[in-house]
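Asks: Each chain, letter by letter, is given below.
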Amino acid sequence: MRIPCPYCGPRDSSEFSYLGDAAPTRPDPAAPGAEDAFFDYVYLRDNPAGPLEELWFHASGCRQWLKVLRDTRTHLISGAVFARPKAEVAR
Amino acid sequence: MAETAANIMNVTDKPFVWTRPVAPGLHGTPGAPGVTALWRENLAFATLTVRRGQEAALALAAAREHAVSLPDGPFAAQGKGHQGKGFVCFGTGPGRWLACSEEATDLAGDLAATLGSTATVTAQDDAYVAFDLSGPCVPELLAKLVAIDLDPTVFPAGSVAVTSTAHMGLMLWKLDADRVRLLVGTSLAASFSRTLAASALEYGFRLEAGRGTGRG
Amino acid sequence: MSRLATGGLIDRSRPLAFTFDGRRYTGFAGDTLASALLANDVKLVGRSFKYHRPRGIVSAGPEEPNALVELRSGARREPNSRATVTELYEGLEATSQNRWPSLDLDILSVNRLVAPFLGAGFYYKTFMWPSSFWEKLYEPFIRRAAGLGRAAEGDDPDHYEKANAFCDVLVIGAGPAGLMAAKTAALAGARVILADEDALPGGRLNAETHEIDGAPGHAFAAATIAELGALPNVRIMTRTSVFGVYDGGTYGALERVSDHLREPLPFQPRQRLWRIVARRAVLAAGAIERPIVFGGNDRPGVMAAGAVETYANRYGVAAAKRLAVFANNDGAWRSAFAARAAGIEVAAIADVRPTIAPALLERAKALGIRVIAGGVVAGTAGKTLARIDIASGSRTDRIAVDGLAVSGGWSPNVHLTCHHGGRPVWREDIAAFVPGALPPGLSVAGAAGGTFSLAGAFREGFEAGAAAARDTGFAAPALDAPRAEDESVALAAFWHVAGSRGPAFVDPQNDVTAKDVAIAHKEGFRSVELLKRYTTLGMATDQGKTSNVTGLAIMAELTGAGIEATGTTIFRPPFTPVAIGALAGHHRGTEFRPVRLTPTHGWADEQGAVFIETGAWLRAQYFPRAGESDWLESVNREVKAVRSGVGMIDVSTFGKIDLQGPDAGVFLDRVYINTFSTLAISKARYGVMLREDGMVMDDGTTARLGEQHYVMTTTTANAAKVFQHLEFCLQVLWPELDVQLASISEQWAQIAIAGPRAREVLVGVVDPGTDVSDSALPFMGVAEARVLGGVKARIFRVSFSGELGYEIAVPARRGEDLARALMAAGAPFDITPYGVEALGVMRIEKGHVSGNELSGQTTAGDLGLGRMASTKKDYVGRIMAARPGLTDPERPSLAGFRPVNPAERLRAGAHFVPVGGPADAAHDQGYMTSVAYSPNLGHWIGLGLIRRGQERIGEKVRAHDPVRGGDVEVEICAPCFLDPKGERLRG
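Chains as they are written, first to last, in full-length UniProt numbering: chain Y, 1 to 91; chain S, 1 to 216; chain R, 1 to 987.
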């Protein structure tokens, strides 16, 4: 599998480590109901058949966390962007 | 025991003791070596990481102080150090660079003095071992080491790749049309030298030791 | 000899001697083992898998199910080598398989008599019987009787390697379609790789007698290859099988660099595994001729029609002296004519079709070949084929032949198109499966797609090459298609001669007969996937290349469901077998993975250290001295030396991370359970970090070097994981924090000195004027100093051993100098180098947790570290660590353990059960995580996790270890066996 790293270019997937669905965001720990929100954040994942935005870490490359769009049915990877907000990506 | 690619990886006989680096000299197919590697431990290194929101200021300072345009991708750019000593900066990630100088000076100290207000500078002089590769078979050799398209149309001179080979982190820097510099972590230098030799024996492999020969 | 007087693409000026079953023969350069055997009239080449039936060569390609031999000998012996693709070399040694005592006389061929017990479902039925039957009766019998050859007798002496290649267009197969595709794409300017498993590219052009642009096919192939080879943008890879299609345009290929040689040339690998990344690929892998199933169809001498033609044209070998043809299609007639043209007598053509094209009939008549339209083979006779019976209508013709060329039509090589889950589609007109949904970027041309005519192959090759070039940004060139025949490939589907005499083999390699398929049907195993597993059809090393379609067609006849509805089994990589050695490449033996050497490795080696792998690192385990009888004696000495004097250990393997920036303190507060933003400059603090689920991730000390500058240490094992976690926190969770990270693990060597005399040793290495007194450098103090005469150093007064201790960091290349300087400075105090064993003993004596306790299933509370957690801030894992399940007082928590009888040994992994109670899961209270022999206490000690451990000090339980037969009564104690107040640390 090849992942188009936005910094390094296309690389073999063995250079990356996988985390999972990029959608969950860390809840506000001070908000009411934080316990339930954290439980969902840590454990609950959708398992869609189709395109999924996932977090991958380019461990053997630029050491950037990426959001990679992968189709879970075909492994077709249709894009990758830096996980950190655009404004925070130094170029 | 004969010096073959199979036993370079698996024997306890010199010159290929496992855990030991490959000994300097000519190995493999006799004659003019297809690959020559110069093992260098006398280069200075420093990592440079931009502080948050200081991209423009850093670029300005780097241009002013070192006449270098910090590359915004995996490429190398030449800079001028203080005291007339040159260095090269290459991109290792967004807002991250590795500076490399042929002179073993206080590169990190120099860069911290000029760029320290806009970037974090960390000395890495002892973190890397360099292998400068030259010879007609370097492209074939590299095809065995890294899964990156190194065709000159895709990866011209001055290109840099941070990648891995045989479970070892590797930085690859195309110095010019004929030469490549590989950087590996110092602790992995001996293992890497064996991987390099095993892959290069068929072309004839000459290892020239620079200052050091690795750990033991 | 069956070598024809002329012809063939062999080099008759280069004879090659070889042996088969010890007998000497001669072939020529350009032969395969199979063609050379046939040339020498060797027709019987092996015995079958289950029934030990005599078998001969049936094909001329990679699909061969029968002619499997042991190639080479000793450590290089390779069983199941296909003689049909084994290139002949001088001195080749081959041995037939599965025969005893000899190929000619095989005693176990009586297996045929017990065939009813070895038939379909054999494994299922046998396993259902009592196990005593299996162990005593069946297993010994099967081991003797079945199997395919013997493995090598030693470590493979050869070397294998891996390589990567990149291209715009990968063309798989260098037959007419592939040559055309490659040429078209190459002339367009694309970077092209043309891979072919054969040593001689050309595919069918080398096997058949077509004229192309007025020249012989093989000459056209050679000229095209020469033309392509001269182009700088083309790479031709012969002897290279593309065996798999992976994700993202990645293709697996095996290059047999040295298989055609007796042994690899010096410094050459035996095989090279390629990973080819291609933007587009053209599959031009051709097709495989199918057999027709009939009684006695496995008799040596029965061959594929195309194979007979190939042996005649490519190798100059007459596979038979007198041949009959049995077919259902026009193509086989051309094979018959080609055989006749090569000088083989063709006695008859039996075609299952009642009506034959007039042109074929005329040609047969002109050549004097008898035609039996509507004829089928009803039986065969002879140890090697001597006679066939052809039934047509009510009459039976008995014909003496020594060869029978069979053709049931052709199966396109669709395998690679299925590697992404695509299912082949049945085409009634050619009675074959053709590619269905294709992997992205792959197209198909020629026979692989069901287009069997030569003109069609050229046309489709051109189209596929042009499309691939266009897709990769190149304008397709105008090319004249070579002029070639658009020959007829008409056929009538026909699979199985029902009612023929004798066992009719569908899968000859696994000895699966048409009757077995019928049994599977009768017993309800009708889906193709069940048919495969129940009968083992298609499960042999050939993966059913010649048998799958026939087998499922017979099943479809039985069920009446039709072939399309019956479908095929799933084709998975690899297309042909790939040796594990090739997949491993360099990574074998001591080079299984790289090792990281510590900065003092060479020095430790000089000291005679015994090393141990800890993660990727090789660390000194202990330093034996002359006269010491075992490791424990050495370790005891090292521990005592540290506790009474001073010792030294390289701790460079800890992960070291540099953190800088105005938000570094805040950041550390969020990743550690305790607070670091308030840490004073020049101080270090022990920290614990959790995963977001509340479990402990790692621990270590972090020092503050400046207002905005910290240095973190991680455990050796978790260094990479923690760094990745910190990057995640900074890039994904809190990108607004201004913190810069850098790994400095490689940059700094770090050596710990520990023991009551440590400070005196330290004084000996720091540059004059450096104050390292207790007041200048108190416990958990940090100093940036100079050592060894001007070398920058960081000195941390921390301790893992519980003694007065310092860790001294210097740039990695000075690590060895530092070790030597410390040894010199420590000589008056008899400084003792110690290894990770002694380190482990001392940390257990002190109750410090390590990898065994940081198991990913323990909370800070479990480890007695709960009080460290700050309540004034949020941090990763805080919320989830508060879950009732993780704060349950019943959870096993850290405690110390000592044997009630001090002479007894403790074992890590032992489970705690009540004294006098049952030792079962219901009474399990936890387990021992770490043990050591404490030379200071004179008995074994342990750390473990036990329910409510911290409240049960003084209680006795059993450490039950049924695996090693241990059952030791232990007393629960505080998890610190020595100096619980830590006075030695502050000494």
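Any given hint could turn out to be false.
One side only, chain S facing chain R, incomplete, derived with CB under 8 angstroms [claimed, not checked]:
id, residue
1, Thr47
2, Arg51
3, Thr105
4, Gln124
5, Asp126
6, Ala127
7, Val146
8, Ala147
9, Asp151
10, Ala157
11, Ser164
12, Ser187
13, Leu188
14, Glu202
Everything labelled a hint here was simulated from the structure, so no lab data went into it. A virtual CB, placed ideally from N, CA and C, is assigned to each residue, including glycine.
Asks: Is the interface hint satisfied for leucine 188/S? The criterion is a beta-carbon contact with chain R at less than 8 angstroms.
Replies: holds, 6 angstroms
Asks: For the restraint on alanine 147/S, tell me whether the closest CB of chain R is nearer than 8 angstroms.
Replies: Because about 4 angstroms separates alanine 147/S from the closest Cβ in chain R, which is inside the 8 angstroms limit, the hint holds.
Asks: How about serine 164/S: closest beta carbon in chain R under 8 angstroms, or not?
Replies: violated, 10 angstroms
Asks: May I ask you to test the interface hint for glutamate 202/S with respect to chain R, counting a Cβ-Cβ separation under 8 angstroms as satisfied?
Replies: holds, 4 angstroms
Asks: Less than 8 angstroms between beta-carbons is the criterion; does arginine 51/S satisfy it with respect to chain R?
Replies: holds, 6 angstroms
Asks: Hint validation: threonine 105/S versus chain R, beta carbon distance must be below 8 angstroms. Holds or violated?
Replies: Interface hint status for threonine 105/S: violated (14 angstroms vs cutoff 8 angstroms).
Asks: Classify the hint on aspartate 126/S as holds or violated, based on whether any CB of chain R lies nearer than 8 angstroms to its CB.
Replies: Constraint on aspartate 126/S satisfied, holds at 4 angstroms.
Asks: Using Cβ atoms only, decide whether serine 187/S comes closer than 8 angstroms to chain R, and label the hint accordingly.
Replies: At about 4 angstroms, which falls below the 8 angstroms cut-off, the nearest Cβ of chain R leaves the hint on serine 187/S intact, so it holds.
Asks: Once the shortest beta carbon distance from alanine 127/S to chain R is found, is it less than 8 angstroms?
Replies: holds, 4 angstroms
Asks: Does threonine 47/S meet its interface restraint, that is, does its C-beta lie within less than 8 angstroms of any C-beta in chain R?
Replies: holds, 5 angstroms
Asks: Does aspartate 151/S hold up as a contact with chain R if the rule is Cβ-Cβ below 8 angstroms?
Replies: With Cβ-Cβ at 7 angstroms, under 8 angstroms, it holds.
Asks: Less than 8 angstroms between beta-carbons is the criterion; does glutamine 124/S satisfy it with respect to chain R?
Replies: Holds, because the Cβ-Cβ distance from glutamine 124/S to chain R comes to roughly 5 angstroms (cut-off 8 angstroms).
In this structure, the earlier hints numbered 3, 10, 11 are contradicted, and the remaining ones agree with it.
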